[in-house]
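Chains as they are written, first to last, in the UniProt record's numbering: chain A, 1 to 720; chain B, 1 to 288; chain C, 1 to 163.
In short, the hints are calculated from the structure, not lab data.
In this text the structure is predicted, and so the values were computed from the model without any measurement.
Incorrect hints may have been included.
[As the list claims (entries may be wrong)] Once the Cα atoms are required to be at most 20 Å apart in a straight line, the calculated SDA-like pairs of lysine to any residue come out as:
{"#": "1", "chain 1": "C", "residue 1": "Lys59", "chain 2": "B", "residue 2": "Ala53"}
{"#": "2", "chain 1": "C", "residue 1": "Lys59", "chain 2": "B", "residue 2": "His98"}
{"#": "3", "chain 1": "C", "residue 1": "Lys59", "chain 2": "B", "residue 2": "Thr211"}
{"#": "4", "chain 1": "C", "residue 1": "Lys59", "chain 2": "B", "residue 2": "Glu45"}
{"#": "5", "chain 1": "C", "residue 1": "Lys59", "chain 2": "C", "residue 2": "Arg7"}
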Amino acid sequence: MTTNLPFAIPEVRHEGPLKVTGHARYTADHALPGQLHAACLGSGVAHARIVRIDTTAAEQVPGVRAVLTAADIGDVRYGRQLRDMPVLASDRVRFMGQRVAAVAADTRQAAEEAVRLIDVEYEELPTLLDPRLATTPDAPVLHPEAEAYRLVQGARHAPAHPNIQGELVVGAGAEELAAAFGRADHVFEHTFRTPRQHQGYIEPHAAIVWFDDDVCHVISTNKAPFGLRQQMAAATGHPVDKIVVYNKFIGGDFGGKGFSLDEYVCFYLARETGRPVRSIMSYLEDLSSTAPRHATELTLRTGVTRDGTFVAHSAEVLFDGGAYGAAKANAHLVPHGGVDTMSAYSVPATHHRLTAVYTNAAPGGHMRAPGDVQAIFAGESHVDMIASELGIDPVELRRKNLAGGKTEGQDPSETAAVIDQVLLRAADGIDWSGVRSPGRGVGVALYRRKGGTGRGGVVMRALSPDRIQVITGAADQGGGTVTMIARVAAATMGIPERQVEVVQQPTAEALFDSGAGASRVTRVLGEATRLAATELSRLIAEPGAVFPVEVAQEVVAPADEDCGAYGALAVEVEVDEETGQIRVVEAVLAADTGTVISPLAHRGQLEGGFVYGLGGALMEELPVEGGQIMCGTLGDYKLPTSPDVPPLRIVSVAGESGTGPYGAKAVGEFGNLGVAPAIANAVARASGVRLQQLPLSAEAVHARLRQTGPESAPPREPGG
Amino acid sequence: MRPFRYHRPGTVAEAAQLIADLGEDGAILAGGTSLMTLARLGLAEPQHVVGLAGVPELCGIEGNSGDGITLGAMATLRQVETIPPVRRLAPGLAEAAHQVATVRIRNQATVGGTLVHADPSQDLPPMLMVYDAVARLTGPTRTREVPVAELFVDFFETVVDPDEILTSVHLPPASLGVIAGYLKFLPRTQDDYATISVAAGLTVVDGCIDTARIAVAGGGSTPQRCREAESALVGGGTDVAGLAAAADLVPEALDPVSDARGSGDYKREMARISTRRLLQRLVSESAT
Amino acid sequence: MSDTSERITLSVNGISQEVTTAPSRSLLEVLREDLALTGAKEGCGVGVCGACSVLVDGKLMSSCIVPVGMVQGRAVTTVEGLAAEDGTLTPVQTAFMECGGFQCGICTPGQVVAATALLRECPDPAAEEVREWMTGNLCRCTGYYSIVAAVLQAAKAGQGESD
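All chains, please: the whole structure from these sequences, using the hints.
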């Protein structure tokens, strides 16, 4: 069946003409008649009790239609799962930038002027900024009322300490783990740190909300319209079937657009004024008050036998959760990927404890493979450090321990053979064993990324035998959802793609969709389309079929679905021993990413993912000092630019079939995963400097080179 | 940002009168890259802006080897980068202009703006110092000339009086013979401000350094000449040891702030290394 | 807040426009809000990201940091002004489609305008020149490889046209 698929022909994006001509309309491009402009006052302190808010002067600014504080709307809490984030702060603020008051006015200038005139008196409270201190006896309790917090769905399991947002413990019991470590000849323990990082989408958060009688309409940058609808209903008490969310084009997401803030503010401003209210965040607001990647500390421990076989592994992963848990999408309230410290390897006994704690910083959120990025940086650095200490070549140490590779009494599985190929193709691609000039070195990282999970569906309608419509409620954050659906539909029905029209519909019209996250779109919506198309073909082939013919198809990909893609990234770097500057000379990404539906989008996700990882590895950091973010613009929070990008080769490895349509696998949160550890490993082998903290800045390398002294060159890690 | 009134003088005299009349409420707008950014971030709130785009006498770049080069205050950095007289006679200046931010910014930002804004990390000022450039300032009652090396007082502060307008910058003919270059240390991205950057110019006669200029951006509250290092070079040879010894004197002249682009200590050290590397480059260029 | 409004005339995509507005507002805001030309986007808001790229008298600029008072009497070209009136795409736009030079598309109008400006100044750029010129247009989706390929392909197509 898969032999005659037309997927090899590069796709033409259905929305392409709109995007290249400037006619694609994103949230901020909408202007409704009579619309008001919203502006919010953010807290200027990190942790304080609100003594008094005076809005008198703000209300008198010409053109101001409403000024709201918690005194007007009540203590309304929202969140993707945990509803702990106030729409407007009531009794206290917990991070700088938190919304305290909101204004709607005829013009943006009037709204901003009014915000400047709002006077807030704070009584400052002790701050908690270091997550390692969160559960110490002297730590201030950020949420004394935490016990009353509710999840969007269901009750919450109360944590052991009020400053704990969430916890996840998985793996072997204490006894089994201790026994496994007991079989090791060596036990290695290393600690790694990763910083808070912003998703860096170019489109800041925006929303427009209006009421039509009792129906609340929302256009927003949220990439999960159905989730937003449910979260808004849970927070505001407005009936879920009276909220309609229209999301079509999203200007970059990378995890950050699953969390909404000013939709709630606009809801109350629109209700108060009876007019549409539009909020567009400035980038400063977006950097300081939305949900960046969790800063993380990971302590990894691995037991290894003399010959380099991993026998036990444990990881303590501490996430800086920020002031609210609201931005996390799972009920455990931790970035799940933190368990993937060693997911490409076979280790008989593993144990992971993931903890997210409250601090007085912006709420921690999701960013392109949440938790995985941190875990794989730590895990793959850890593996190289073990290799170095054992004097084993890093590629060989990995090959010895591949997942599925050594089940007792059995031959290595097909999985192990595929991972081996992935690893070897990357290593060969970078000329792993080649002789290199001084200051140069190669590094590799190997990883597994789980496939997409979640629920979604499509409605397929044959208006005539050669005119097919597919209705989806998915918002497209750039991955190419619409085109992917059309290609799967056309291929399945054996018709030209131009006969398929994909229609993005609001939440009131379309089938439920979990949203464009967790790499689920191709897996879930692609497979729903394939199944629907198969059924539709059958129905319209029946004698006497009456058009239109319609099929609704839902698909659920369970969270424990055992499907993953393996990747290996190999890089060559050059380290300037005087300045510490790291230059990535070349990179090779080998991947077993299954059947490719849309070749341009597939390559684009891998290339874009690689550069996304490059920024995260080398430069991106959103430091907070005393609660204040120290990078207020994209002039300071630097993202890679086109000349900063090294040559990248992508090598496809034929592997096991994926669970998506026609064996497709997820690639959206894949290309970025190996970059930081591969570079860190290469730097260690080029210069002898082992960095256990991101970003891998020139100054950090320089400082370590100086420590060891310019005269006594540090020993390089062997094998390259 | 707060709204402002926009004034469009047609001559320098009109502009000078306007700025004198407006006093503290007024601000001069050249290309807009600095003032508009500050205004958008709420860091500047002028009530009146005097736009200089319509003042023809501030525009243009002229030059020849006999008269030197005159850069109008409203000449864009892109013009400095691309215009033949600059490329031919002061290639170091074209090189420094080329390294400013992005082509979009260079199309907008101006010579006058980059000097009067007095951000100590700007790329053009140290190179103008290397070329012994002199700024011409016009006020209501007088016109005066100030060497660029003496223009800066502190962060975002110059000797330009509130009622003065910087109208042009002149590179004297004697300065055009130097072999000059610019080294912008950018460990993060190509469009970033420098962690540190060094401009230098040398004349080499019979293997001996005859004149030397070294100026650093990002090394403190102003861009600055490193005169001790210059003196160490003059009269010496072009051997690496001599160049390195001069470069070693650069860090002491600096007091850089610690920020996202590096700690003060790191910037100092990078200034030393950048200076030595740049001098080596210039010496090798002088030999060809 | 005193009323600072004035009447400003400018040409946008070849059409003369007159707006009454505070001259301090950004050209970007006036294009988007007053003239309903929402192709140029506001990203960083401080001239870094390039999503607001337009041409002013043919020169590539950040419309988010150009006060509209500054473009009195000048000619502005936005992404909406590039394709032919019948909708025929330019070689740059076609190449972005064919090379996969965009994903989410938010930066694409700026990329297309920037690439157009480059090819007008330098019709046959080397890959290095393309990368350098496009430095000011951030893209978070593609990693730039396909954008550079698109600009080079457009240059080749443009060469073909002029032969």
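How the hints compare with the structure:
1. C/Lys59 with B/Ala53: Status holds; Cα separation ~14 Å.
2. C/Lys59 with B/His98: holds, 16 Å
3. C/Lys59 with B/Thr211: violated, 39 Å
4. C/Lys59 with B/Glu45: Violated - the C-alpha atoms of B/Glu45 and C/Lys59 are around 28 Å apart, more than 20 Å.
5. C/Lys59 with C/Arg7: Given that 20 Å is the threshold and the Cα spacing comes to 24 Å, the pair is violated.
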